[in-house]
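Asker: This is what each chain is made of:
Number of protein chains: 2
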Amino acid sequence: MSAVERQLDDLQAEIEEEVPADITISDVTYEGPELVVYTRDPKEFASDGDLVRRLASKLRKRITVRPDPDVLSHPREAEEQVRDIIPEEAGVTDLDFHADTGEVVIEAQKPGMVIGRHGSTLREITRAVGWTPEVVRTPPIESSTVSNVRNFLKQERDERRDILERIGRQIHREEMSDDEWVRITTLGCCREVGRASFIVSTPETRILVDCGDKPGAEGEVPYLQVPEALGAGANTIDAVVLTHAHLDHSALIPLLFKYGYDGPIYCTEPTRDLMGLLTLDYLDVAAKEGRNPPYGSEMVREAIKHCIPIEYGDVTDIAPDVKLTMHNAGHILGSAVSHFHIGDGLYNVAFSGDIHYDDTRLFNGAVNEFPRVETLVMESTYGGRNDYQTDQEDSERKLKEVINETYERDGKVVIPAFAVGRSQEIMLVLEEAMRKGDIPEMPVHLDGMIWEATAIHTTYPEYLRDDLRDRIFHEDANPFLAEQFNHIDGGEEERQDVADGDPCIVLSTSGMVTGGPIMSWLRHFGPDPNNRMVFVGYQAQGTLGRRIQNGWDEVPMSGDRGSRSGTLTLEMDVKTVDGFSGHADRQGLENFVRTMNPRPEKVLCVHGDESSVQDFSSALYHEFNMRTFAPKNLETFRFK
Amino acid sequence: MSAVERQLDDLQAEIEEEVPADITISDVTYEGPELVVYTRDPKEFASDGDLVRRLASKLRKRITVRPDPDVLSHPREAEEQVRDIIPEEAGVTDLDFHADTGEVVIEAQKPGMVIGRHGSTLREITRAVGWTPEVVRTPPIESSTVSNVRNFLKQERDERRDILERIGRQIHREEMSDDEWVRITTLGCCREVGRASFIVSTPETRILVDCGDKPGAEGEVPYLQVPEALGAGANTIDAVVLTHAHLDHSALIPLLFKYGYDGPIYCTEPTRDLMGLLTLDYLDVAAKEGRNPPYGSEMVREAIKHCIPIEYGDVTDIAPDVKLTMHNAGHILGSAVSHFHIGDGLYNVAFSGDIHYDDTRLFNGAVNEFPRVETLVMESTYGGRNDYQTDQEDSERKLKEVINETYERDGKVVIPAFAVGRSQEIMLVLEEAMRKGDIPEMPVHLDGMIWEATAIHTTYPEYLRDDLRDRIFHEDANPFLAEQFNHIDGGEEERQDVADGDPCIVLSTSGMVTGGPIMSWLRHFGPDPNNRMVFVGYQAQGTLGRRIQNGWDEVPMSGDRGSRSGTLTLEMDVKTVDGFSGHADRQGLENFVRTMNPRPEKVLCVHGDESSVQDFSSALYHEFNMRTFAPKNLETFRFK
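These protein sequence lines map, in sequence, to chains A and B. With my numbering, the residue at position 402 of the first sequence is 402, and numbering never jumps. With my numbering, the residue at position 508 of the second sequence is 508, and numbering never jumps.
These are calculated hints, taken from the structure and not from any lab test. Given the structure is predicted, the values throughout are model-derived calculations rather than measurements. Don't take every hint at face value.
The list treats identical chains as interchangeable, and a pair is accepted whether it falls inside one copy or across any two copies.
[Stated by the list, open to error] In silico EDC-like pairs for lysine to aspartate or glutamate, Cα to Cα no more than 20 Å straight-line:
#1 Lys632 - Glu180
#2 Lys43 - Asp68
#3 Lys43 - Asp27
#4 Lys575 - Glu204
#5 Lys43 - Asp179
#6 Lys436 - Glu77
#7 Lys58 - Glu14
#8 Lys602 - Glu405
#9 Lys398 - Asp470
#10 Lys110 - Glu431
#11 Lys575 - Glu175
#12 Lys632 - Glu298
#13 Lys154 - Glu269
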């Protein structure tokens, strides 16, 4: 009998001790970090509303209770009863019964009404039919990404359960080493922006945190091939943790599966969906530009199949000696400050990932309260000594001015923006400005994946700022559905119409002008001095965006999408309106550390240009008297 | 055709261009770092005394010329001619003809007379017989180690040539990476003394520097199993460099071969022989103490078979992007400061290994002049703020006082000493003191491997201090052969006789009282308050030597060698006479850095107790304004 089997037997005995004598436990098993308890008496189990919580607290595990398949009622009968119990206003759009696990997945427009107060409706369902209900939200704006991911996971349900069981045993394996140490190895994004990747290692466990590409620097990927990364094989990694879906953090995650990795990816649910969207687009853009992407779309599916969703604030066992907790980072949908508790009180490391410290229209500011934290790995994108941005109110005023000026001279505004994050923030600004009459009503065209990304945002309102969530669901005043927003889905023809038409605003990807439909808008709008290009986000070194921002007006154009290649002379005005960045500025970064509770002993300043990380590292040292570092890529720091 | 074959073809063409038209080059091949040139006209080749030097300088390679086997004269005839050419006083003791390579190995008491002025006699031999002579010294004191190593290498000659050819191709392989970086990973001896081990890595190459055990801390070995060490397989290491033969640097070298390593070990010739001696003894001691050593003696033979001897000052290609140069370190016989030139002018790292800065009786002081060096990895054994030793003259006076006092009260002196290094130093002191009448003539008993280690010293006088070398060979006044020195080769019976006899001095291993015959001397001498134990070398934390030095007088004794076990009460006086250490003291360490030319930008302070490395690191920073570090084990520093 293996150590894990002994452990499960012990757990079953403990559970049997805790539950009333009339409840039979037929099996106990691990699926990923969760302990799944099978019972022959699901109805009785559900009648004690506090039982699962008590068990979870006693065993210090995340617990799911499922009916033994033998005792299930027939889906046809069950469906009728379930629909009877759920209030009509919940807007159930789909019911899906899985006899293998006794789960019924309920898709509804208002999941809260399916759950009921403190889960009371869910328990009522189980008491009535025995099945274990699981609730997902029907996307308020149809999202092909969300429905593709859900359908794919449904179709791969059996294999996924096998994967989760294997991972579960891996997580709960016995610790082998008497040694104690905690290390971080830097594989990318040190003294540079892009290709974020780190290894957190202990004698037991090796965790990869992020695995991105470097925008504007083709082929520059994290140092995955060195021995301390994947040099001894992709499965020398126990787990991958993804802080958020931007490609400079996620693009190479699917590559890990091509290299043979078959372990878990821990991230929030929106990060999983956005990663799917962005990595597939990454492949698409590469193909269109005649580049050979490092992996195919089947690897994106593998990655999604191996995702284990984490909710903000949940403490999750991801290895025998590592617990992961993710917290809102305020940067993009699903972005997470990731906290690792290592050993039994041995050490704590927090990775900020990319953060926004102050509240924005979309998100609450980043969380910086932890039970304990000794070392912080801190983004420093705007860590330079002069990287102060105007506050958002000023930025909005400036943006509106630019739009008004351009409108007055009959010009058009094009805003390159990341599909995910800044686009939605700008949409909210524009919607309000038009509603309040600060700028004229005019069409706002959304090109690239912005529309789809917006749909994903509305699927996960729990991850948005409180009052925005309320507007989307409670007041039926979803700002993203305002009529001036037009989804460009007619290709070049539609773009030509827009270019030939009246003043308007275009939001288009890619955000750093490294490819995608923005290249087409450059051609359409670039030659007219009445038009304006407005940068609202960070432009990395080496990107065309950074060059245009710095004054380049001769832009080499490749002949993609059938257009002629050659050089394009930009006549339109170029403006930068900062303050909309998804990143904290220097002040925000300092505030994050200043108000962090508890204050860390050591800070590794990463994810910034060389001068930014060095400025920021030196400032933190002088202001807060902590040990600070500006690591290079390929270094290893030992903390214990 | 492989890249290496193309390279060899090009080299052959270059050589053919340089040599006179009447000399035919039949083949060119690599053996380890050397370029071997086979010629059908060895006699003509040898007639131009400067030709090999010109070729070496043109091709920037170490060059060996050998006759094509087809053109060789018969050994019987050749032997007669060779003996005729070599002056009788050279004392030839053996001639060994190897028809496969056309080499004749000449063992002689005075190798210099076989070589002749600037190699004239060697060239005369080749001009006469065509064979390529190679000269080795007949050990002036018979050494079983030297003769075993030589016989073993003779017996394994064919396999060794295969190994060298394989390594040669490996060294001269084409560089694959466009990337540039230089890193050092610490695997041991950081904030501790013992288990020295580092990895120097570039995108092309990974080199292991030293691989020792930790005296007094059983089972504590370098972190070889982490991915960046051997985690991806022992042959992810390209080369091993051994700075010197002490077990805290060499003990686990044979283990690498058990793990499957089959690459080269670069070290000086005396280090190779001493490593053989010390690691075999390490296995012997382990067996006697009932421990299970991590490898068997056949792995020591593998290690010796893979040694590539390096002479001080020779620049040697050890990888496509790494050149190694070893320099005298003044610490023990063959000990080397090891300098790595990486890339074509990219970066230079020097490892001090263990050093003695000032001249001692045995050795010249450590070399600290280099063409370039940016980073120094520096031993800090006596780096603590108070680690100043009296100078050697004072130390010698003190030692003589202790001996005289003990003699006067009819007591005996026992000195625990490393077999290699300190023993010979003390022997030189005692021999002179008796010769000059500073202490009474009395027997000096040498126990453990001291006699054998001394024999090895006399085999390699080139590695000893100039005037000592002269005494050994030119004046026939070899101090190591003085009649008071007695080799204890009669075991316990002889020890009992010594214990029962008149005043005397015993030099015995192990130097830190962690096992070996010193345990027996403790039992014999310990209970008599008239006796003295004198420590003359560093005692590592956790060793019995350190404890006794600190005042322990109840010594637990195991019952090895048939004696009863239990506790031994030490009544004899314990003295420490420092100043004989093979290590520089704090002053010497500082002087090494102060006078180093050029001065390095960065210093990693290693190989010292935690407080010593931190004191020393901080002192270097404040005195010389350099970047200094006191690394932990398992860290990786990147320099480029």
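Asker: How would you label the pair Lys575, Glu204 (within, between, both, or neither) given a Cα cut-off of 20 Å?
Answerer: neither (51 Å within a copy, 45 Å between copies)
Asker: Treating 20 Å as the Cα threshold, decide for Lys110 and Glu431: within, between, both or neither.
Answerer: Intra 25 Å, inter 97 Å, cutoff 20 Å: neither.
Asker: My question is about Lys154 and Glu269: at a cut-off of 20 Å on alpha-carbon distance, are they close within one copy, between copies, both, or neither?
Answerer: Answer is within; shortest intra-copy Cα gap is 15 Å, inter-copy 68 Å.
Asker: Checking an output row: Lys575 and Glu175, CA cutoff 20 Å. Within, between, both or neither?
Answerer: This pair counts as neither: shortest intra-copy Cα distance 56 Å, inter-copy 46 Å.
Asker: Please work out whether the CA atoms of Lys43 and Asp179 approach to 20 Å or closer within one copy, between two copies, in both situations, or in neither?
Answerer: Neither. Shortest intra-copy (47 Å) and inter-copy (63 Å) distances fail the 20 Å Cα cut-off.
Asker: Measure nothing new, just compare the shortest in-copy and cross-copy C-alpha distances for Lys398 and Asp470 to 20 Å and report within, between, both or neither.
Answerer: So Lys398 and Asp470 fail the 20 Å test inside a copy (28 Å) and across (87 Å) alike.
Asker: For the identical chains here, do Lys43 and Asp27 meet the 20 Å Cα criterion within one copy, between copies, both, or neither?
Answerer: within (16 Å within a copy, 87 Å between copies)
Asker: Within, between, both or neither: how does the pair Lys58, Glu14 come out at a Cα-Cα threshold of 20 Å?
Answerer: So Lys58 and Glu14 pass the 20 Å test inside one copy only (9 Å; across, 79 Å).
Asker: Given identical chains, is Lys436 near Glu77, meaning Cα to Cα at most 20 Å, within a copy, between copies, both, or neither?
Answerer: Intra 52 Å, inter 111 Å, cutoff 20 Å: neither.
Asker: Measure nothing new, just compare the shortest in-copy and cross-copy C-alpha distances for Lys632 and Glu180 to 20 Å and report within, between, both or neither.
Answerer: between (25 Å within a copy, 13 Å between copies)
Asker: Go through the copies and call it for Lys43 and Asp68: within, between, both or neither, with a Cα cutoff of 20 Å.
Answerer: within (11 Å within a copy, 92 Å between copies)
Asker: Regarding Lys632 and Glu298, is the shortest C-alpha distance of 20 Å or less found within a copy, between copies, in both, or in neither?
Answerer: neither (34 Å within a copy, 43 Å between copies)
Consistency with the previously given hints fails for numbers 4, 5, 6, 8, 9, 10, 11, 12, ordered from lowest to highest.
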